[in-house]
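**Q** Residue numbers (my numbering), protein chains in the order written: chain B, 49 to 281; chain L, 685 to 1169.
Keep in mind that a hint or two might mislead.
[Claimed, not checked] Below, computed lysine to aspartate or glutamate pairings styled on EDC-like, alpha-carbon distance capped at 16 Å:
1. B:K171 with L:D689
2. B:K170 with L:D689
3. L:K995 with L:E1012
4. B:K276 with B:E260
5. L:K913 with L:E945
6. B:K175 with B:E156
No wet-lab data here; the hints were simulated from the structure.
Read off the chains here:
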Amino acid sequence: MANGIGELTVTGVNHSYGTGKIKVPVLFDINLHVNKGEFVALCGSSGSGKSTLLNLLAGLTKPEEGSVMVSGAEISSYSENELCLFRRKSMGFIFQSYNLLPNLTALENVELPLIFAGEGVKKRRAKATEILERVGLEGRIDHRPNELSGGQQQRVSIARALVNQPGIILADEPTGNLDSKTEQEIMNLMKQMNKENGTTFIIVTHEQEVAEQSDRVIYLQDGRVVQKRTRPA
Amino acid sequence: MKIIDSFRIVWRNLWRMKLRTALTSVGVMIGTAAIVAMIALSLGLKESAVKSLENFGNLTEMDVEPMYYIQEEDRMIPEDERKKLNMEAVRELKQIPGIAAVMPMKRLYEQAKLKVGRREGYVELIGVDVNESAEYRKNDVEKGAYLSGSPQEIVVAYDVPREMRDVEKEKRDARRRNADSNRSGGGGGFMPPDMGGGEQTAAFNLVDKAATIVLTREYRIDDEPKYEKKEVRVRVVGQLRQSENRRYSSAVYAPLGVVKELNDWVNRSRGDEGSDRNTRRTREEAKKDKFEFDQMTVKVESREMVESVVKALKEKGYEVWSPARELETINKFFFVIQMVLGGIAAISLLVATIGIVNTMIMSILERTKEIGIMKVIGATVLNIRWLFLMESGFIGLIGGLAGLGMAWGAVELVNYFGASGGLLDGLNMGYGRGGEEAEPSKLAVIPAWLALFAIGFSFIIGLLAGIFPAIRASRLSALQAIRSE
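In isolation and in its complexed conformation, chain B is listed as follows (with noise of 0.2 Å):
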């Protein structure tokens, strides 16, 4: 089944961890699809292979069966190099634990996706800056993420997620690390980006109500999509 831009489709993934004789299956026949603009979210309790699952999905894994297709290509059959191009100009990641360059500033760390797409100096830093301030963090450009606090340094993570302008966002737990409130806030910053730009995001979580705020939950256990739950309109 073809895909456009921001679009993904997962067919018939199975997935185990191990070589050899040991082997831990980890994920059961997998088939789902994401539209674009989606806000997606991935429940399931410890060990259900959502984070699995999202790796596939970043071709960060490859699965042992099946075809995982985003924006209109197979990842699955890339090799190392040609995932790397891919990720680069259609994928962004927003982690737990923010993964932040800790020796760069908030705008060396946005500007580094920039860095290595080849972008000119000038250019980057305006765009850097822009997504910067469009994150709320204006007033925090120059500070190293040891300056800065958790919420603002998921807001650099998200930042530098956006700055290439990738079709689809995969975040793996982004509030998992981060008091209520923050919680909320960086959920309304994710939410507020997705209608802005039309940019996918599937969200990894285990946390109801951050799930409650996606259009669409799928729940995972034991490795199977047990539940697939569309928000009303």
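Starting from the structure of chain B, add chain L where the hints point.
**A** Using the frame of chain B, we list chain L on its own:
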């Protein structure tokens, strides 16, 4: 990724680990300094040896004669197989790469006296092919012009006017001294100027002056020796520059035809007379066909080409008479010295290389998460390799630059103490030219190529040391790397 951006990232990473970068670079610094200092010392000693050689004559000018003995085969070359120094040989020599000009010469077999006004002096008259030698001498004329081809023209070497004596003045002085010594009753006489008693006179201008070449030949009538004089009127049209080549310091150059004619006149006294005119003409014609020069002098384009020219000349069957013959031996000897000294120093650089590999591997272990993040946000495998290779290369480069500075300091010290300790005079084998204009010899020299080589080499050493760590870094799984702490 733009190269300038990659350099910024690399520099930032190196700066972040200042102490480690500095300590790793110290290894490269010591290795580079050792290699540069050793090669500089060897080059300096070689330069001193070559300079000493130059005191025996200009290395780019060499006399060429037919080879008569093959050293490798230990055999004489039969006369009919030897090279002939004729115009064909001139053409052959001119085709050898590196030979700028060829000057074939024919000597006058008698000593000639050159008279200009009251001054006179013995000179060596050399006949030259005007066309061929004009190219050779184009930059050697100090005053006046070079020969134009007119038979009445001569050009004198730099020392000729300095060695000519004022005969009238010397006679007057001798008479006065004799009178003085007779008055005082002393028996101590003065040596006549012809026997070396005269002082060297100050140089005077010979150019554009009329001169006479005087030759004397001896012949016998009834076993009684008789002498005949011949005077040839000429004009001095030019004077050559002072040459490092002392062999031709009292030479007077004239067109080839003039010297041939004078040689014929000299030879007639040695049994040629009495033959009838027709026989002589036939012999002269035969001689013309088989005419050979006594010697050829070649000028080499640069000192660097001397060795290859000497080799080519020998291959073509010519013998070279020049201090340049020793250049090959000197070069070979110092090449071995350079290799041995450079090899010893290279061991320290090898140790430094291992140090860089170690540092880079440690760096990868520490920055595994960072590599993972970079891969996830868009760095390609090549980007990661490039960053780590450059980082490693820059450690080498920093060490190389510091090592070059260290070697430069060491070389300056060696030269300072070498010069003040008189060590260089000993190395010059007592032939130092001295004088204010002479550039002082150095025990060690760092030419530009050596400095550039050292910098480039240390950078390459760094790059080579970085290959394995860079590949290792690029192969890290993004997922595993990002999960690591």
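**Q** Please go over all the hints and tell whether each is borne out by the structure.
**A** For each hint, the structure was consulted:
no.: 1; hint: B:K171 with L:D689; verdict: holds, 14 Å
no.: 2; hint: B:K170 with L:D689; verdict: holds, 12 Å
no.: 3; hint: L:K995 with L:E1012; verdict: holds, 9 Å
no.: 4; hint: B:K276 with B:E260; verdict: holds, 12 Å
no.: 5; hint: L:K913 with L:E945; verdict: holds, 15 Å
no.: 6; hint: B:K175 with B:E156; verdict: holds, 11 Å
Of the numbered hints stated above, none is contradicted by the structure.
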